[in-house]
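J.: The residues making up each chain are set out below.
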Amino acid sequence: MKLFSLFYFLVVGLVATSLFQEKTKEESIIAGQEIYQDFCVQCHLTSGEGVSGVFPPLKSSDYLTDNIEKSIAGIKYGLRGQITVNDEIYDGVMVSQGLDDEEIADVMNYILNEWGNNFEKQITNQQVTNIQKSVLNK
Amino acid sequence: MKNFSLFCFVFLSSIHYGCAQDNPPLIETPSEVNYSYETVVDGIDIPWGLAFITETDFLVTEKSGTLYRVVNGDKRAIAGVPEIYVRGQGGLLDIALHPEFSSNNIVYMTLSANTEGDKNGGNTSLYSAKLNGNSLEDAKLLYKATPNTKKGQHWGSRIVFDNEGHLYFSVGDRGNRDVNPQDISKDAGKIYRLNLDGSIPEDNPFVGKENAKEAIFSYGHRNPQGMVVHPKTGAVWEHEHGPQGGDEINIIQKGVNFGWPTITYGINYSGTPITDKTEMPNMAQPYYYWVPSIGPSGMAFSTSGVYKDWKDDLFVGSLKFEYLERLVIENDKVVKREKVLDKIGRVREVVQSPEGYLYIGVEGKGILKIIPN
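Keeping their order, the protein sequence lines are chains A and B. Each residue of the first sequence is one higher than the last, beginning at 677 in my numbering. Each residue of the second sequence is one higher than the last, beginning at 283 in my numbering.
If you're looking for bench data, these hints aren't it; they were derived computationally from the structure. Each hint should be verified, as a subset may be incorrect.
As the list claims (entries may be wrong) - List of simulated lysine-lysine pairs, DSSO-like, C-alpha gap at most 30 Å:
hint, chain 1, residue 1, chain 2, residue 2
1, A, Lys797, A, Lys814
2, B, Lys401, A, Lys735
3, A, Lys746, B, Lys401
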């Protein structure tokens, strides 16, 4: 019986972990790469360099690293209006791609750690869930 | 000297082979401009589809899911639009009026949908509905491509009618090029033909063929976002996004395979080849192909003569280069390409209005009317 309980809790524990626990940062980055190739690459391009004046860069982008919350909100709800990225002005529209919170966390972890970008903290699903549209008005 | 010539020849050739060669005729910037534009309605992020009821009363789809009725420049959201699965390039796509709209008020829409209630994503669907004032009633699902997928790409879609009581609509390859476009037992990467009530015409090319999706009219397409019926021949003209390079204009024919991805003039976005073949037996060649890609969306012939020198020319929106492209066709060939309203923004849609003016849907702007001087 004792053995069974142990086994039971172990199995339940593992299932719960796989269901509810966050991916590791590395796993999230790998999943994010796939999302990036599917939804982002057409404008921001393979090396994250974007198109000067049209689609802002994600590689070495001061806007991205200085505005983590706004960047998440932009992916979640869409982003419009003027922004300045690496001293260049962009005034386009990025529409919401319909990604769920986990996919947004994954793609954020990818773009924050690819092409020489380096961001120590992991963006979590909960962090994305907590971001409201009002962040964009700050 | 001989050696030097040879060297020059080899050297220049290698440069040419290094990058895909631009397909003529090359795009021109007109030296004389006899037109301007006015914004008819603004505040629409992605005006995807446009259908005129009268010159001053038209319907516009906004990709994120709103259908607007615009009367004298004043836009109102229409109620009763079917549920939309907004994902990637998908959303509320084209809108078209039934050929007898004035007596039956029926409209058709293509949109990204998950009608099955599963968690597997979505695919392109075709609906009809009755327009009553500012609401849609009696929405009917006429076709739903399967299976659902969470892929963001290549939903199509455009709707046109021929002169024989058929409706045509397109569905892109849904980001699964190696599975869908060449297989007529699968949806996606196809142009479909239906009767106006949604039933399948008995003389569709694959009717009775085992496992075939009988609504298919032509196949081997990548992502068709422009269709128009030729004003004189009545043939259905289509254009589709190629990969990098290799956007195509095709004249759609019954049962024909247009080759994607077995043949193409394009390459992967990463620069690697998709195939070394640009032609194969039993696969149609494009009527025209664009290298480099312009990112074509929307397609219209100018038939009215309200613009100087533009009569019978073809107009195609360019998402990538942000202009409207004018294509002059002579003896069944594209002989001239010209930028109209260069740098205007991503041109998503172009339609000729009842009075013969060209209206364009521009992303981030709205609907613009081109006015001759």
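J.: Can you list which hints this structure breaks, lowest number first?
T.: When the structure is compared with the hints, only number 2 turns out to be violated.
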